[in-house]
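In order, the protein sequences belong to chains A and B. Here my numbering is used: the first residue of the first sequence is 173, the next is one more, and so on. Here my numbering is used: the first residue of the second sequence is 57, the next is one more, and so on.
Mixed in with the good hints there might be a few duds.
[As the list claims (entries may be wrong)] Straight-line C-alpha distance at most 27 Å; calculated BS3-like pairs for lysine-lysine:
1) Lys202/A <-> Lys224/A
2) Lys124/B <-> Lys57/B
3) Lys165/B <-> Lys185/A
4) Lys98/B <-> Lys202/A
5) Lys165/B <-> Lys98/B
These are calculated hints, taken from the structure and not from any lab test.
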Amino acid sequence: DAGVTQSPTHLIKTRGQHVTLRCSPISGHKSVSWYQQVLGQGPQFIFQYYEKEERGRGNFPDRFSARQFPNYSSELNVNALLLGDSALYLCASSWGQGEGQPQHFGDGTRLSIL
Amino acid sequence: KQEVTQIPAALSVPEGENLVLNCSFTDSAIYNLQWFRQDPGKGLTSLLLIQSSQREQTSGRLNASLDKSSGRSTLYIAASQPGDSATYLCAVSTGGGNKLTFGTGTQLKVEL
C-alpha cells in the first residue's frame with residue numbers, strides 16, 4: 173500500500189505569490205494534518221481536517237488555508253508569500269480524528285521563497 | 057501551552073556505543089508520545105509510539121520510556137550503527153484534535 177504522498181516535492185516561488193500544496197493520505201485514512209518545518213526546528217502544527225471539516229488550527233496567519241476533498245485528499249494554500257514561509261511542509265494522515273491516533277507522514281514539499 | 061525540549065541538540069558517538077536521547081514536556085496531559093526519525097531533506101518515520109497509560113515500548117535495538125508525571129521520555133539506542141545517523145524528534149499528542157507538538161530534535165552522528 174502507498175504511504176502518504178505529497179506534491180510537488182520542491183517548489184520555488186517569489187514574495188507575494190500564491191502556492192498550493194497537495195497531499196493524498198494512506199488509503200482508508202480520513203484525517204489529514206499539515207505541519208510547517210523551518211530549517212533546524214521541529215514541525216509546527218498548521219491544520220487538521222477530518223471528514224472535510226477543520227478540526228484544529230495552529231497559530232498561523234489567515235494567509236494559510238486548507239481544505240479536504242471527498243476522497244480525503246487535501247490542499248494547503250498560502251497567499252501573499254513571505255520569505256519566512258520558506259520551509260518543508262509536511263502532511264500526515266491518520267485513520268480517525270480522535271486524540272492520540274498514530275500519524276503517518278509524507279516526505280514533504282520543500283518550498284523556497286526568493 | 058505545551059513545550060517540548062530535547063537534549064542534547066547534537067550528539068556524535070563511535071559505532072557500537074549505546075546511547076540515550078532525552079525529551080521533556082511541560083504539560084503532562086498527553087494522549088501519547090511518539091519518537092520519529094528524520095533523514096536530511098526527508099519526511100518523518102515513526103519509530104515508537106507510547107500511549108499515556110504505558111511505561112515503555114521496544115522495537116529491535118530501540119527502547120523508549122515514558123514518565124508522564126515528570127514529563128520525561130528517553131529513547132535508548134543499543135549498539136549504534138552508522139545507519140542510525142539522523143535527526144530524532146519526539147512529539148506529544150495533546151488536545152485540540154490530533155495535534156502533535158514537537159521538540160527541536162537531536163542530530164545524531166554515528167562514526168565508524
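Cross-check of the supplied hints:
The straight-line distance between the Cα atoms of Lys202/A and Lys224/A is roughly 9 Å, inside the 27 Å bound, and the hint therefore holds. A threshold of 27 Å between alpha carbons decides the hint, and for Lys124/B with Lys57/B the separation of about 16 Å falls inside it, so the pair holds. Proximity of Lys165/B to Lys185/A is assessed by CA-CA distance (about 33 Å); at most 27 Å being required, the pair is judged violated. As the CA atoms of Lys98/B and Lys202/A are separated by approximately 23 Å, the hinted pair is consistent with the 27 Å bound.
Under the criterion of a C-alpha separation no larger than 27 Å, the hint pairing Lys165/B with Lys98/B is consistent with the structure, at around 17 Å.
Consistency note: the structure conflicts with earlier hint 3 alone.
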